[in-house]
Every structure is written in C-alpha cells, then in structure tokens.
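Residue numbers (this note's numbering), protein chains in the order written: chain A, 1 to 365; chain B, 1 to 332; chain C, 1 to 600.
A few of these clues could be false.
[To be verified] To spell it out: a stretch of chain B is covered by chain A in this simulated footprint if at least three of its residues, at any positions, have a beta carbon under 8 Å from a beta carbon of chain A; those stretches are:
1. 130–138
2. 216–230
3. 233–245
[Claimed, not checked] The list that follows gives simulated cross-link-like pairs (lysine to aspartate or glutamate, DMTMM-like), each with its CA atoms no further than 25 Å apart:
4. C:K237 to B:D62
5. A:K111 to A:D149
6. A:K150 to B:D148
7. B:K247 to A:E179
8. B:K142 to A:E179
9. A:K87 to B:D148
10. A:K87 to B:D229
None of these hints come from the bench; they were simulated from the model. All C-beta atoms in this analysis are idealised placements derived from N, C-alpha and C, irrespective of residue type, glycine included.
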Amino acid sequence: MTELSKSGTAVNEPTSTSSAPSAFLEVRDLKVHFPTDDGLVKSVDGLSFQLEKGKTLGIVGESGSGKSVTSLGIMGLHTAGQYGKRKAQISGEIWLNGTELLGADPDYVRKLRGREMAMIFQDPLSALHPYYTIGQQIVEAYRIHHDVDKKTARRRAIEMLDRVGIPQPDKRVDNYPHEFSGGMRQRAMIAMSLVNNPELLIADEPTTALDVTVQAQILDLIRDLQKEFGSAVIVITHDLGVVAELADDLLVMYGGRCVERGPAEKVFYEPRHPYTWGLLGSMPRLDRDQQERLIPVKGSPPSLINVPSGCAFNPRCPYADLPKDNVTRTVRPELAEVGSRHWAACHLGKEQRERIWTEEIAPKL
Amino acid sequence: MLAYLIRRLFAAAVMLVVIIMVVFGIFFLVPKWAGVDIATSFVGKQADPAAVEGVRQKLGLDTPIYAQVWEFFKGIFVGRTYSGGGDTIHCAAPCFGYSFRSEQAVWPVLTDRFPVTLGLALGAAVLWLVFGVAAGVLSALKRGTLWDRGAMVVALAGVSLPIYFTGMLSLAIFAFGLHWIDAQYVPLEDSFSGWLGAMILPWITLAFLYAAMYARITRATMLEILGEDYIRTARAKGLKEQTVIGKHAMRSTMTPILTMLGMDLGALIGGAILTESTFNLPGLGRAVLDAIRNQDLPIIVGVTLITSLAVLFANLVVDILYAVIDPRVRLT
Amino acid sequence: MTTQRTSGRRKQAFAAAAAVAALLTTAACGGGGSDDSGKGSSTGAAGFDAANNKVAQASLAKKGGTLKFGGAQDADSWDTTRGYYGFMWNFARYYSRQLVTGKTEPGKAGATLTPDLATGLAKVTDDGKTYTYTLRDGATWEDGKPVTSKDVKYGIERVWAQDVLSGGPVYLKDVLDPKGTYKGPYKDTSKDKLGLKAIDTPDDKTIVFHLPQANSDFEEMLALVSASPVRQDQDTKSKYGLHPFSSGPYKFASYSPGKELTLVRNDKWSQASDPIRKAYPDKITVTFFSDANQLDQRLLNGDLDLDINQTGMSPQGRTTALKEHKGNLDNPVSGYIRYAVFPQSVKPFDNVECRKAVIYGADHVSLQTARGGPVAGGDIGTNMLPPSVPGAEGQKYDPYEISGKNKAGNAELAKAALKACGQPNGFKTTIAVRNNKPVEVATAQSLQASLKKIGIDAQIDQYDGSQTTGIIGSPENVKKKGYGIIIMGWGPDFPTVQGFGLPLWDSKYILDSGNSNYALIKDKTIDGLFDSYVTTLDDAGKEKISSEINHKVMEGAYYLPFVFEKFINWRSDNLANVYTTDNYSGQYDFVNLGLKNPKK
C-alpha cells in the first residue's frame, strides 16, 4: 500500500468527450474488428484508458483477449501493411500527446512510429530480420527519424547496445540476430526501440520467450530505462508476475474488453473480478509448493466472433449463478467503481465479491 | 565465409569428376553392354568393315574401358590425338571428344553454340525475373482482388501452355503474319539490333513460361513473408511501406526465387531444346537435338557434360549468393 | 491437257496484264497466289506440277542473286568421297565436277549420262573392260590450276581409304579392285600416292580405267560424286568435307555443320569449259533447321527458295501448301519403293505360298492411304523396280493384280494360298518396323488389320529406328526375333537395276551384318541375270535383263510393294529453270536453278 501514492493519475474514469485530453496517452472506446470468412472477429471491443508520461501500464489477459491487438492499434499497425480486400475495422480515438491518431494522416502516424512510440516484441528472434546485422537494424531505425550519416548512426547504435548491457557492443554490433543469445537479442531489440528516445514504449510480452533468470534482467532493464528516459510504458503480458513490480496501473482484458483496472496494488491485493482471481491463481510463485502453485482458469477463452451474451466470462465463471434473474447471461456488466480509481465489470454485488475474495480466494493464494 | 566457399568449391570439383565418369559410362559403356557396336553406328549406309575398323581405332574402342576413360579425362586437360588409317586428328585441350560425324572437335562446337544459349537464357531470365517477380509481388499485395485473380489465371496459362505452342503462335503472328521481325538468328557480333530482333520472340516465349512460375512462387513467398514478425518490426520502426516491401520483405522473398533461378538457368543453359528448335536458334539445345538425330555420340556427351557443368556452376553460384543473402547459411 | 494449256495461256495473259497494272500503280503485291499456269509469270508460282518432268520458267532465270536453300538435315558429309545422301550428290555438282554426269534435263533424260570434265563419253574397249577418257581444256580448281587426270585418279583412290573416309558408296572400289589389294592413298607407298593399278594416267589429259571384269554400269559409277577429282595437296583427309576444294562454279565460303553453308562464285571457273552448269545465282546459302515444320513455315513464307533435303514437305506444311499454294508444288515420283519384305529364315515364310497369302490378303488401298494417299504417298506399288530405272514397267507389270482387282485385298486367294502353304487356319508372325517413322508404323498397323481377316495374327515390333543396320541388318537377329515381315523402303544409288536391286536380291550380298538382302534371296537365276547384266553393254539388252530380274523377284513373292513413292516438293515463286530429274530420284536439279528476281 505504500506505493499507492505513486500511481497518481495513471487511470481515470473513462470520459466520453472528444476534445484533446490532458493525459499523454488516452484511448477512448477503441474497437478493432477483423472481417473473416467465419464472421466479424471483435478482437477489441470498446476499450478506454489513459496513461501519463513516466508511468507504466500493465495490460494483462489470456492470449486472444485483445491486448496485442490493442498495442498494434495504438502503433497504427493495423492500417499499415494491410493488403487485399479485407481490412481491419478500427474505431474510437487514440490521443497521443494531444494528437488523435486514428483520424490522422497515415504517413504522419508512420513518422511517429519508432520516434514517439516504439515497441518491443515478444520473440526477438522472429522479430529481428535474420538477414541484417543488429547494427544495421538499429542504424536503420535511427536514420529513419534522424538525418545523420551512417557513422553517426552506428555510434549511436553502439551506444545503445552498451546502454542495454550488451558486452563489447562495438563488436557485437556487426553480429546477426542468430549469433545472439535469447536475452541478448531482447536487449538488442530494446536498444533498437529506444534508439530514438520514444515517449511511449509498448512492450508486448517482452519476456515470454526468455528463461526465468533472463526475464528478471530484462524487466529490470525496462524499469531502469523508463526511469532514465521518462517514457510512458505499456507492458503487455499474460503473466501477472511480470507486471507485479513494474506497473503502476493494471488493466485486465477479457474477450476484447476491460474487466478490471486500477492501481497495481489494488488489482493485486484487492481484485474485484473473478477473472482476475483466476489469473492470480494461475500465477506461478516461487514461495509456494509445486503442486498447488497453478490453479488455471477453467475452460477456454471466448470466441471473438460469437462473444457469449451477458458477461463474456460467464461460461467460465464459478459464480455466474449467484446473481439473480440469470443476469450474467443476458446483461453485459459495465465497468463500475469498486474503490478509489479502481473499476471492475461484474454483476456480483460489491460485498459479495469482497467476501468471496477474502474468504475463498485469498487464503488459497 | 571463406571456409564455406572452399567447402562448396571442393564439393563441386568432386561432383564434376563423378559427372564426367557417369556421363562417359552412360554413353560408352551402356551401349557396349547392350550389345550395340558404337563403331558401326558411326559408319553410313554400307557398313564397310574397313570403315568400322577405322572408327574403332580412332576412338580407341578396342582398348580397355579404364584406358578410354583415362584418355577422355586426359584430353580435357592436355588435348588428344586421334589417329587411324594414315589420318591424324589433333583435338586441342580442352578436348571434350571429337565428332566423327561432322569432323570437328566437340569443344569448339560447344563454345560456338554456348553464347546463343546463354544469350537466350539470360535475356529470358531478366524478362521473367522483372515481370514474374513484379506480378507476384503485386498479386501478393493485392491478394483476393480482381488483379490478383487475373494475374494468377494468366500465370496458370503460362505454366500450362507448351513452349512449342506459344512459340509457333508468336512466330505465326509476329514473324509470318505481321512481319514485324525477321525470325532469323543473327549473331550478336554481327549486329546488335539484328540479334535483339531475333531474340525478342524467343525471350518473350521462354520468359512467359518462367514468369508465370516465378509470379506464383513470388506471390506465395511474399504472402508468407508479409506475415513474419520482422516485417511488423520494420513497420513499427516507422519505415515507409515501400522500404518494408522493397527491402525487408524482398530480401527474404529472393531466397527461394534465387534457388529456382539457379536451377532453371542451369537447366536452360544445357539447352532450351524446344525454344531453340522452334525459333531455329543455333544453340546447345539444337546441337544436341541434331546430334541425337544423327547419332553423333561425342556431341551428345559434350553437351551433357556442359549441361551438368552449367547446373553445377549455377548451383555453386546459388550457394554463394545464398550465403551472401542469408547469414545463417554461412555457419552450416 | 490441250484445254488446260489454252486456259493456261489465257491466264498468263491476265497475269501479265495484272503485272503491268501493278507496276503502273506501284502497288506491291506480297505473297504468291496460286497460279495454275503451266509456264507461269515473272512474279508468281509456276503452277502445280509445272516442274515435274518438265522445265518451269526456264526463260525467266536471270544471272545473280542469292539462292536460298533450307534443310532439316545437314549432309552426312560434303566430302565428295563420303557423302551418300541423294541431296548431297545433287548439291555437290555446284562445287565438284566428274568425268561424266547426268544431263541437266528434266525427268528420264536427266538420268542419261553426258560428258562433264571429259570431252566425251567413255571409249569402251576390251569387251567392256577398258574405259578411256580425255579431259577438257580449261577446267580448273578454285586456285586456277587445271584439273588433271591425276587429280581424278587421286579423288577416286580416296574411296579405298574407307577407314578414314567412311560413309560414301564403294561401287568403284568393288568394281576396280574386287580383291581389295590397294590400301588407299593414305597408306600408299608410291611416291605420288597414285598406286592404284586399275587406273592409268598416261598424261594430264588422259585417264584409262582397267576393269578386272566388265560392268555395264561402270560409267554410271563414274558419274557418282565419289568419282570427283580431289587434289592431293588440298586433301585434308577426314576434314575435307568441311571445305572441299572446288572444281565447279561455286566454292565454299563458310560452313558450320548443322547451322549454315554458304557457297560463292568460284571466279576461276570458266563457263566455256563446262557444258553442263549454267551458274545463275551469285551466292548459294543453306540454312539448317531442327524442326521440319519450321522449315516448311519459312518456305511458305517465301524466306527460302527450296528444301535442300528434297524428301517432301511435312504433313502439316503439305496440307497448308496444297490448300493455299498449290502452284508452288510438284508431285514427283521419288524413285523409292516402300514395301514389306519376308525373310525366308522365319517360318512359314520359307514357303512361297505363305508369302503370296500375305500379298493377296493385304489391303493395298489402305496401305497406300497409310503412306499418305496417292498424292503424298504415291501410286500403289505393283512390282519392285522403281519407275525411274530403265526396264521398269510401272503399274503395267502387276503379277498379283495389286492395283487391279485385288486392290482391297483378296481373302479368297489368300486363303487358297494359306491352304497350299499348309497353314489353312493362318499363323502367327511379327512385323518389324522402325519406331522413328510414324508413316511406316501406320502401314504396319494397316497390314496387321488386313492380315487378321485371313487368320494371320501379326504382332508389331517397333524397334529403335536409329539401329536399323544392327537389328534387321543381322539375319541371325531377324531369325531370333521371328521377324516374318519387315517394313522398309529402298531407293536407287544410280538409276539402274544394279544401282537399285543388287544389294537387295543378289545372294552374294547376304551379309552377317549390314545385310540388305532381307529376304535372303538365293536364286541362281537372279544371280545369273545380274552377272549377265554387268557384261551386257547395249541399253536395250540391259533394259530387258532389268525387267527379267524384276519379274523373277516378283514371282518369288519375296516382297509386298506398297507404293511407288511420290512426294510433295516446294519451289518458291522466285525460282526459275526448275525441273525434277530421275538422276536424283525426282529431286529438283539443283545445279542449274536460277532466280527470276535476283534482288529479292
């Protein structure tokens, strides 16, 4: 609870005004839908949040919950490189530093990419071009946005590699991605993302492909760099453990929507959504016995084409029958404030949830 | 990289020796086992015993097999002398045999015919690379659209229509019908414009077939590459779309195309028999066709060897280019 | 015929008027319409069969221009000693001269001999065993030196060097040195390399041949290009064919085997020394193609004047040509007979009645159709002597009434013959056919079908056509494989019964390998007739014996002739002085072809 004050203004109540917000990044009612042969895939279906500079937002959810689609949406990568007849349908607003991106000129957004907002991808081996050296790729990233000669750019690349903790950066700069270890590759990826001092850094599952010891190093690195550069950071993960120490605020996604969000401590220690409970239960912890460590959420993620009516989580929710009149299966719950700057979308009564949490869930964790 | 190169070169050299031995075996040993007298097949209508004996002597057919192979090998490096019946023929190194049908050494025939075939193959390759790859990339970028479907139907036609048909058709229209071009081969050294005029139809005909294949493979590869994470990374860096496609995606797409190109060029250099015969281009393909008809064994052996060499060489080049394009290859 | 000619003349007048009109309006008319006129105009085609056994457009030939040949097949060799293809012999007259040669006249006359290098035909003495010639003045080589009797002798001696110069006909060797004592000029130990005893050259102008035994066709053999003079200091042995040293009106300018051949005027040749050659064009080019259809296409397009191979157009080109350019075509008899032969070593073909059964049972019309019909295939063959050979009777001699009442096969006679043969229910046999000749395969299938009707079950064996000599040329192999019927064809080397039938019918020519007497005929009467033929010197006597040999062969029922072959030959609009000659089996006589418009 001591860190609560830190979270400050990271998350505010969703607003419906379309005027420029004061927050550094504000996403309003973002919808990303993909038409397919089987129907419309509603990957993100009405998502709103805000993020200030120097703060870190963790977006948590299972695969297919829409977290990566959200990040690509912010980067404008659903419209860039969309060929053929089927294009992603995006609506809502994304405000970055006072500019709305969805309605902006795509080339303007392109120029923001890599400079104002950068991204770290999950698997650095596949996310780095196998045919170019690390140096070439960083140099390229730098020179898109800076009119400098190759030499200068190369110096910058070496400097960045050094900064992210790659030994002998002046030599390693000429190595190819396959010549790096997994952790080093991710460091290089981070170096490439930060080469233009972006104000917004999105890390999409930055540690999933790495082994546990390296994971911690990378997370430390991201935290240090954030402090140094003062950027706003979004960390996307399915693993609460990753964001536990890193994030100021947390946003839990399920079926393309936000089901709970609030300051990290709140969401961690006073979660108010059964899905968040499930996530906490499935979180690996070093201080627990092997056998009981993992209590996965039962069932499988919802179809994004035929999202269950009512609460999208209802087929998997052990408490779905508690509220009256079958309301969990007919009415979609809206986000409601459950505490200070803490929202959750659930039909269960406030007290009911507090009781279940303290009596049934928390003791098992 | 150097080690890789040396390894490849060594492998190629070993292959070369094996190829020469196999080719020699096929053409000189197998007929012998099958009971065909090569010497007789060299002589004309009235198989005069003296004539048969003369050829036998010149070819050294009465010496043991290993001696014949050795003579052949030696000939390649130091030249060879055929003698018999008071006549001596010197075949200068590199001697790839001597055609007793047309009374000329095989090597000059090959070097005479090779530029025609090379010109045909390279010219057509440029055309089909430019058009095939461009069409493939466009199709990939516009997948599912009318353009994509149309291009793929044309590509299917290109792949399925035989060269003979498209060749005859284009000749009938442009050479015999419209008289736009004189369908007569003109050597490059005689007249560049004449050569160009004579080669344009064969190029287009040949390129049509291959462009179709290349368009299909380019489209498929490009679609696959566009789904790669590193393409997303390239966009996330803020690269312009043309750079993403033209640089990042193309470099990866080139790998399978290059492999195909190496194989195709190698095979074509061995003789685009149908194209050369349809357009009457005096290349290796026609040489081997005529040689088969005239049972001119040494020419057949020579062209087969050259073809194998061309394929071998093309593969070597592809291997090296591969290493240039894909750094991961250099390790293996 | 008379009416046709009249209408032809009228057409000619129209054509002339049209030509004038065209000139006046300067409207150029491309492509030849079919002009059926017998004589033709200066621009159009001469008409169908206008050059068959007669001269088309003789008066229109002008000096100069380039005569353009095309070919799907290069010569076996351009060396006069080594060439054996008919068209090579024909073409060789451009750059080589012989003591005597065929007359440059159409049809049969072309097959009669006339002096060339010699001042006259041979003075034959010593009961036909000595031939003497005197050489003409002014005949020179391409470097201007005179052609001497020693050059002629040396050229003939080269035939003996078969181990180096293989491929050509060896008649001269067999006749002049049957025992094979001379070893050829390259192994000749005499200083001047002129060690052949059978030929004397008392001076540079005189040459005397001494035959151990008379041969009435000897002068025919001297007319072959293998009797051409070759100058010793210009003899490049096996490579001579790449650049033969010219004694004729043209010389080799460039030659790339299988690609092209160009002859240019030999300015040392003097018209006065040569009564034969007109030498109209300035230049002669030959372009070779791998694809016969391509060649036909170029002919039809007017890019080329004629086909050097002279074996007829391919089916595709033929069809178009007959439809659209009939006036450019001739339909000569090729001199070839296409036939089936019955090896007597394969039972039951040892029995003449079984052979007759096949002849009677075959549907001759259907065989003719398989060969290409009456135009492209030829008339139904009724006997084994080609129409171009003296003594031939054509369809008049038809012992089995093949072109008459038994045209479509006579099952009754066939069954009777089978009974007489002791095979009343028929028998099984094998038809051997070259796999690379679709037309021959078709005839085999036709024969198979008609034989089935009389109870003969014939299987077709398609053997590798490129191995003909080794497969059917070996009597042992034929017997082993049970080839009762072999499909083949034969043409005369020179137009006499000897030049055609000796290797086919004389028992001396039964060889263990390279055999051509496929029927294995061992008939003393036939052998005897050949023997008396070579010693009979008068033409009437020779003709009579020729007919007799033919009759004997037919009586033995060794052969089932299909057709007296005809083919469709193309000549361009621009070709003048065109005619077919029996000297070269119905080919156009190359040596005196001219162009109407040399600038074209």
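Here's how the hints hold up against the structure:
no.	hint	in the structure
1	130–138	violated (count 0)
2	216–230	holds (count 4)
3	233–245	holds (count 10)
4	C:K237 to B:D62	23 Å, holds
5	A:K111 to A:D149	19 Å, holds
6	A:K150 to B:D148	39 Å, violated
7	B:K247 to A:E179	22 Å, holds
8	B:K142 to A:E179	36 Å, violated
9	A:K87 to B:D148	16 Å, holds
10	A:K87 to B:D229	19 Å, holds
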